[in-house]
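Please arrange chain W on chain X, whose structure you already have, making use of the hints.
Residue numbers (numbering that gives the first Met the number 0), protein chains in the order written: chain X, 0 to 247; chain W, 0 to 247.
The set of hints was computed from the structure by calculation and includes no laboratory data.
Honestly, I wouldn't trust all of these hints.
Since the list can't tell identical chains apart, any single copy or any two copies may satisfy a pair.
Claimed, not checked - Below, a list of computed lysine to aspartate or glutamate pairs in the EDC-like style, where the Cα atoms sit at most 20 Å apart: (1) Lys-74 / Glu-93; (2) Lys-74 / Asp-117; (3) Lys-244 / Asp-117; (4) Lys-230 / Glu-159; (5) Lys-244 / Glu-93; (6) Lys-230 / Asp-220; (7) Lys-244 / Asp-91; (8) Lys-133 / Glu-182; (9) Lys-226 / Asp-152; (10) Lys-244 / Glu-182.
Protein chains: 2
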Amino acid sequence: MARHKLTISYDGTAYCGWQVQSGEKPSIQSLVQNALQTALRHTLDLTGSGRTDAGVHARGQTAHFDSDVDFDPNKLRLSLNGLLPSDVRIFDIESVASNFHARYSAQSKIYHYHLHLDRVSNPFSRLYRHQVYKRLSLPLMTSAAQRLLGTHDFTSFANEPQRGSVAHDPIRTLSRLDIVEQEGGVRLEYEADGFLYKMVRNLTGTLIEAGAGRISPSDIDKILAAKDRRKAPATTPPHGLFLMKVIY
Amino acid sequence: MARHKLTISYDGTAYCGWQVQSGEKPSIQSLVQNALQTALRHTLDLTGSGRTDAGVHARGQTAHFDSDVDFDPNKLRLSLNGLLPSDVRIFDIESVASNFHARYSAQSKIYHYHLHLDRVSNPFSRLYRHQVYKRLSLPLMTSAAQRLLGTHDFTSFANEPQRGSVAHDPIRTLSRLDIVEQEGGVRLEYEADGFLYKMVRNLTGTLIEAGAGRISPSDIDKILAAKDRRKAPATTPPHGLFLMKVIY
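Next up, chain X with everything else stripped away, as it sits in the complex (with noise of 0.2 Å):
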């Protein structure tokens, strides 16, 4: 039984996300599973590196699978691209050691988020970049940003996961969290060792009230402490967020 690693991109917006949810849209998971199981004639399991949620974008999902086919990887690629819409493509497969795991071999996540802050909305970002109409002023995200970096209890940024409460330790460790101009707007880049459920998303809403002013780069510490979700801003919506790379 020989494991493999899957590097996965997809445009999220057809999907219910990563994992099997209720709902009427298939998720990427079962799509590129159901693909293996075609392209290699057996059952298996697909394990991704963590759930991505409706509508959230991914340049750099990983997954694993075990099987005891031998194949080249690039012509199972290839199958698999053609079994695939043209939405969801498998861009590597590696052979890895059988002890490696999609989600608990990670070292760290890396996640954009995408503002498009021109005046009128843009028809090509309108699927990839959440529009924010507001004027942002970049030092003061970036003074908030700041605040945000490091170890921290993350419990204020963190909503309850849909369906069953597991009991996880919410300290994470923010190491990057930059903010790039590119044209009309800007992307948030942000690295951890792990995020917690609809971290990213938190976090941006907050750094977006914080570049409209109407929280201080001090309030952020206040919210931290506070290990309260009701303390912080909105989430954001899920278009504007791309899962771009797995680090092991």
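Same frame as chain X, but now just chain W:
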């Protein structure tokens, strides 16, 4: 009666093109004209700078209309964008002279055509870039592009219009054809005093064949001289094409 000019951006994926065609998809011209009629409460005709085909996108399509109504351009823009679907956006509304004509006053037009050249197609460019799996030589494409610059009879690069063949002058001046590298591929930037039907997509098909080494730069001269559409390579698909700007 005052004349006004609109600048419009649209994702062409869901539409039959700028102008009404037979078929089920709506036209962008009719959507925008209807929104204007609703906002201004009178019937009017919206005249575009030219047609874009089904699936072709625009960042800077222009059109004009006449109205007796006094309006604030910024408020009308917001109203129109409220009435229109999010894949069609009005960027600008300006007053123009009564003899301004969106089509006949145009001095030149700029089109971009995007080629995606990565070995794996990208979920985020599938609707906006044409995927080419051949290896393309940019120096060969650039040499071929040099032969196309200038004033020529472009009959070999013009399709017959679908409905009613309008007798036209096939001489055009291609003043710029730049091949610009961008993430994942290249962008072909075309500027001319006007373009014949499907001319950009036909030129692009020829540049791809040149880049793949299947036709030599000197073949370009022969294709131009033949004045025969059948002598030039195939048309590329519409979704890589963007009308960027109409210059007056």
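How the hints compare with the structure:
Taking the shortest alpha-carbon separations for Lys-74 and Glu-93, only the intra-copy value of 12 Å comes in at or below 20 Å, while the best inter-copy value is 55 Å. Within a single copy, Lys-74 and Asp-117 get their C-alpha atoms only as close as 43 Å, which misses the 20 Å cut-off; across copies the closest is 17 Å, which meets it. Taking the shortest alpha-carbon separations for Lys-244 and Asp-117, only the inter-copy value of 18 Å comes in at or below 20 Å, while the best intra-copy value is 28 Å. Taking the shortest Cα distances, Lys-230 and Glu-159 sit within 20 Å of each other inside one copy (14 Å), while across copies they are farther apart (64 Å).
Proximity of Lys-244 to Glu-93 under the C-alpha cut-off of 20 Å is restricted to the intra-copy arrangement: shortest distance 15 Å within a copy versus 45 Å between copies. In the homo-oligomer, the alpha carbons of Lys-230 and Asp-220 lie at most 20 Å apart inside one protomer (11 Å), although the nearest pairing across protomers, at 70 Å, exceeds that limit. Taking the shortest alpha-carbon separations for Lys-244 and Asp-91, only the intra-copy value of 13 Å comes in at or below 20 Å, while the best inter-copy value is 38 Å. When the C-alpha separation of Lys-133 and Glu-182 is checked against a cutoff of 20 Å, the pair qualifies only within one copy, where the shortest distance is 17 Å, while the shortest distance between copies is 30 Å.
For the homomeric pair Lys-226 and Asp-152, the shortest alpha-carbon distance inside one copy (7 Å) is at most 20 Å, but the shortest distance between copies (72 Å) is not. Only between protomers do Lys-244 and Glu-182 lie at most 20 Å apart by alpha-carbon distance; the minimum there is 17 Å, versus 22 Å within a single protomer.
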